[in-house]
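Colleague: For reference, the chains in residue letters:
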Amino acid sequence: MSVLVYVENADGKFKKSTFEVVSYAKEIANQLGTSLTALSIGNVADGALAELGKYGAQKVLTVNNDKLKSFVNQAYASIISSAAKAEGSKVVVLAASFSGKGLAPRVAVKLEAGLVDGAVELPDLKDGKFTVKKTAFSGKAFAHVELTSAVKIVSLVPNSFKVVERPEAANVTAFESTAAESDFGVMIKDIVRASDKISLPDAELVVSAGRGMKGPENWGMVEELANLLGAATACSKPVSDAGWRPHSEHVGQTGIAISPNLYIAIGISGAIQHLAGVSSSKVIVVINKDPEAPFFKVADYGIVGDAFEVLPKLIDAIKKFKEAA
Amino acid sequence: MKVLVCISNVPDTTTKIAFTDNNTQFNTAGVQYIINPYDEIALARAIELCEGGKGTITVINVGDASTEPTIRKALAIGADDAIRVNAAPRDAYFVAKQIANVAKDGGYDFILTGRESIDFNGSQVAAMVGEFLSIPSISIIKKLDINENTASIEREIEGGKEVIETPLPFIASCAEGVAEPKIPNMRGIMSARTKPLIVVEPTEITKVAEVKSYETPAPRGQVKMIDAADMEKLVDALHSEAKVI
Ligand SMILES: Cc1cc2nc3c(=O)[nH]c(=O)nc-3n(C[C@H](O)[C@H](O)[C@H](O)COP(=O)(O)OP(=O)(O)OC[C@H]3O[C@@H](n4cnc5c(N)ncnc54)[C@H](O)[C@@H]3O)c2cc1C
Ligand SMILES: Nc1ncnc2c1ncn2[C@@H]1O[C@H](COP(=O)(O)O)[C@@H](O)[C@H]1O
Chain A
1 MSVLVYVENA
11 DGKFKKSTFE
21 VVSYAKEIAN
31 QLGTSLTALS
41 IGNVADGALA
51 ELGKYGAQKV
61 LTVNNDKLKS
71 FVNQAYASII
81 SSAAKAEGSK
91 VVVLAASFSG
101 KGLAPRVAVK
111 LEAGLVDGAV
121 ELPDLKDGKF
131 TVKKTAFSGK
141 AFAHVELTSA
151 VKIVSLVPNS
161 FKVVERPEAA
171 NVTAFESTAA
181 ESDFGVMIKD
191 IVRASDKISL
201 PDAELVVSAG
211 RGMKGPENWG
221 MVEELANLLG
231 AATACSKPVS
241 DAGWRPHSEH
251 VGQTGIAISP
261 NLYIAIGISG
271 AIQHLAGVSS
281 SKVIVVINKD
291 PEAPFFKVAD
301 YGIVGDAFEV
311 LPKLIDAIKK
321 FKEAA
Chain B
1 MKVLVCISNV
11 PDTTTKIAFT
21 DNNTQFNTAG
31 VQYIINPYDE
41 IALARAIELC
51 EGGKGTITVI
61 NVGDASTEPT
71 IRKALAIGAD
81 DAIRVNAAPR
91 DAYFVAKQIA
101 NVAKDGGYDF
111 ILTGRESIDF
121 NGSQVAAMVG
131 EFLSIPSISI
141 IKKLDINENT
151 ASIEREIEGG
161 KEVIETPLPF
171 IASCAEGVAE
181 PKIPNMRGIM
191 SARTKPLIVV
201 EPTEITKVAE
211 VKSYETPAPR
221 GQVKMIDAAD
231 MEKLVDALHS
241 EAKVI
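Protein chains in written order, with the UniProt record's numbering: chain A, 1 to 325; chain B, 1 to 245.
Mixed in with the good hints there might be a few duds.
Here are the simulated DSS-like cross-link-like pairs (lysine-lysine), alpha carbons at most 30 Å apart as the crow flies [unchecked claim]:
| no. | chain 1 | residue 1 | chain 2 | residue 2 |
| --- | --- | --- | --- | --- |
| 1 | A | 214 | A | 162 |
| 2 | A | 214 | A | 282 |
| 3 | B | 2 | A | 90 |
| 4 | B | 2 | A | 110 |
Okay, the calculated bits of chain B under chain A, using three or more residues with CB under 8 Å as the criterion [unchecked claim]:
| no. | region |
| --- | --- |
| 5 | 67-74 |
| 6 | 115-123 |
| 7 | 155-161 |
| 8 | 220-227 |
No lab work stands behind these hints: they were computed from the structure. Positions of the beta carbon are idealized from the N, C-alpha and C atoms, including for glycine.
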């Protein structure tokens, strides 16, 4: 039987979101009374693979193959589904990452499986059912989706499940790629990663700013604050529409949905479409000069003030805090 | 060039989301429906790529008759014709199967969808259609250009982007950046009424997923206001009370 978890790597390394999915999958395996198998594709060192045991993987299948070093959607989907078949897995878990979002549906079709994309909690297994909570209506609600197919696939939203250590002696074995020649039609020409940037969907802390910042030349303060905190930067839609910030920073109903531990919103009014993408943040701080700004209604901490005065003070306070720590 | 654009019919982005029947049904009372905003981006790019007689665009929707105003809107924006698969969209697997069924003999050079529908946020349909048709699927793209027999695409990845070349045919799901949504003009609105809209019946398949109930997020506690002059207090609260820094 066994639960299968696909462990995504970036340049041969596992990220925190990978350990989150392993921890999540382990808990499902425990509840189902079965074991956990992890599947890695790409060039990951044996040491890193064995480390997956720390989070509960009893078996690690690895496909080390130069052709598969970078993500080839169709080929990866072929391998994941054949590993699920080989392991007799009835549950397959992935991360709801950018690549995971492309993979999970293909795997679902191959395995004729129902898929919940974007789970935020453990499945409810009462009465032998398999019901998963996910965000719906862009963060304005949650849906409880029951999967009724024989094989079930779940992808987990980053930052929604804690990494738990449950050490097992992981047995690392090679797995033969089952990808066909026709799975390699897509060519990756280039991968551009701003290495100094924290990626927004994975970020635990996010500093975000809106039209209240007046213009792109004023983002220095926003970036300084983010750097001090080790946070990713985000923005409202009009800010990316105006080209002040890249589209990849736009959060909200038509941008990225995020659920960091801390979301600091500076000069953002809190329109319903903006809130849709950020309301599942654990703690929200709002800085706005208008005491009537709708964002205050969903904030945990509110500061009424001019961002141009508040931000330098906040930056100083954080510096002091970091020095004292 | 023949292009298929998948459009879903979703509640307007300002809709207050509420549920009835013991939280098992979405309350549609007074809800305005629109083309899913990402699908507008996909449609806009298709129109740009087909401009000057370079191609034709078909839009497809899986939905009951109530979605026709949304389909007509897509025709008004600039699609040439439309297909409606006459079935309430049960789940992404079902929707993808219907689209794949229509597309398999349609000879489309490529198919576009939105990155996700803003109601169920599945981001499943594009890659499922790709798998049903055994063609490449590229999810969450930021840029799309068509060359002779290939497409150049940029896809978003964590902290960056991937530059991809794919052979035709393929399916891609579009995000912001691919194009700016287009507003229909008067001529578009007039001609939309007479553009062909074909209705086809669905094929039945086994159900794999079902929404059992909904839940609205728990309201947050009272906001704590902090004096703008006292940022030490905020930092202290974030550290010792909220424990996030
Ligand atoms: C279909 C659709 C989809 C949308 N999707 C999204 C989405 O995904 N994400 C998104 O963000 N928006 C989205 N929007 C837009 C949304 O409705 C709002 O227009 C947008 O969020 C407003 O951005 P903003 O808060 O930055 O700007 P504004 O609404 O202009 O607000 C600026 C705020 O800054 C404050 N301010 C001004 N100066 C200062 C200062 N010196 N110091 C402190 N505060 C100051 C003001 O009081 C105000 O509250 C969408 C809209 C539509 C119609
Ligand atoms: N009922 C539908 N009919 C046609 N296309 C759809 C339908 N539902 C979703 N899509 C397309 O698939 C994309 C992703 O939807 P989803 O996988 O539901 O998030 C949407 O942006 C649409 O382009």
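Colleague: Which of the listed hints are broken here?
Modeller: Checked against the structure, the hints that fail are numbers 1, 3, 5, while the rest are satisfied.
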